[in-house]
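Participant: Here is what each chain is made of, one letter per residue.
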Amino acid sequence: MEVLIDDSLLIKNYINGDERALEILINKHNSRISGFIYSKVNDRNITEDIFQDTFIKVIRTLKRGTYSEEGKFLPWVMRIAHNLIIDHFRKTSRMPMFEGSDSFNIFSFVSDDRLNIEKQMIKEQIDCDLNLLIEELPADQKQVLLMRIYRDMSFKEISEITGVSINTALGRMRYALINLRKIIERNNIVLTN
Amino acid sequence: MENIYATNKKKCKLVKAKPETIQFLLDYSKSLHFVEKDGIVFQSNLN
Chain A
1 MEVLIDDSLL IKNYINGDER ALEILINKHN SRISGFIYSK VNDRNITEDI
51 FQDTFIKVIR TLKRGTYSEE GKFLPWVMRI AHNLIIDHFR KTSRMPMFEG
101 SDSFNIFSFV SDDRLNIEKQ MIKEQIDCDL NLLIEELPAD QKQVLLMRIY
151 RDMSFKEISE ITGVSINTAL GRMRYALINL RKIIERNNIV LTN
Chain B
1 MENIYATNKK KCKLVKAKPE TIQFLLDYSK SLHFVEKDGI VFQSNLN
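Residue numbers (our numbering), protein chains in the order written: chain A, 1 to 193; chain B, 1 to 47.
What the hints contain is simulated information worked out from the structure, not anything from laboratory work. Check the hints yourself; a few may be wrong.
[Claimed, not checked] For lysine-lysine, the following BS3-like pairs were computed, each having C-alpha atoms within a straight-line distance of at most 30 Å:
{"hint": "1", "chain 1": "A", "residue 1": "K57", "chain 2": "B", "residue 2": "K37"}
{"hint": "2", "chain 1": "A", "residue 1": "K12", "chain 2": "B", "residue 2": "K37"}
{"hint": "3", "chain 1": "A", "residue 1": "K12", "chain 2": "B", "residue 2": "K18"}
{"hint": "4", "chain 1": "B", "residue 1": "K16", "chain 2": "A", "residue 2": "K63"}
{"hint": "5", "chain 1": "A", "residue 1": "K12", "chain 2": "A", "residue 2": "K28"}
Quick caveat: nothing in here was measured; it's all calculated off a predicted structure.
Let's have the full structure, built from the sequences with the hints guiding it.
Facilitator: Below is the structure:
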């Protein structure tokens, strides 16, 4: 059978170094304080957090020796919990928390378009390999391919600069791509991201 | 007198802090010390 010990005696023992007294105090008032917090916040995890913060304040005050015993331990703890609940609601109203559900996920709409580090490294490697492959092409094909792909020029502009017809420029581009594929196949190179 | 014919009696779980939370508080209490020297209070948390 559990013997009920007066709060003031437990506090006195705790201040005098009896850690067991704190355990008895916490267990004695656990339900009442947790119930009080839960009735305000309606969330078990938040209740747990506020309960913990409440007793951290209690422990600090008792250990510092600034607690004045007037036989009102529970109302004092309740007041601390009450103030922490107010702090919690102030904080949540300043920074409202949004939680997604199974049917709606905010990250479906707000996403980071950048490649992750692994894909970025693969892309850089592919770009580097591709530059080496382009160097293998005949000069006229390489010239057309670089103008079209890297400088984004139209075939009309390419034909004007290189002094060949549009059809010749188109043909050189076609052969450049065919030759690139051949080099890739011949050397078993994998260019995927 | 009205009878309650509920099949699931006492299923409502009371809200209580978890044993882990209580253990944390007890450990915190054991580790916390205040020392006063020349009117200044020093706090130490020795784990």
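Participant: Would you mind marking each hint as holding or not holding in the structure?
Facilitator: Evaluation of the provided hints:
1. With a C-alpha separation of about 22 Å, the suggested pair K57 (chain A) and K37 (chain B) falls inside the 30 Å cut-off, and the hint holds.
2. Pair hint K12 (chain A) plus K37 (chain B) holds up; C-alpha atoms about 23 Å apart against a cutoff of 30 Å.
3. Pair hint K12 (chain A) plus K18 (chain B) holds up; C-alpha atoms about 26 Å apart against a cutoff of 30 Å.
4. As the CA atoms of K16 (chain B) and K63 (chain A) are separated by approximately 25 Å, the hinted pair is consistent with the 30 Å bound.
5. About 16 Å separates the Cα atoms of K12 (chain A) and K28 (chain A), which keeps this hinted pair within 30 Å; it holds.
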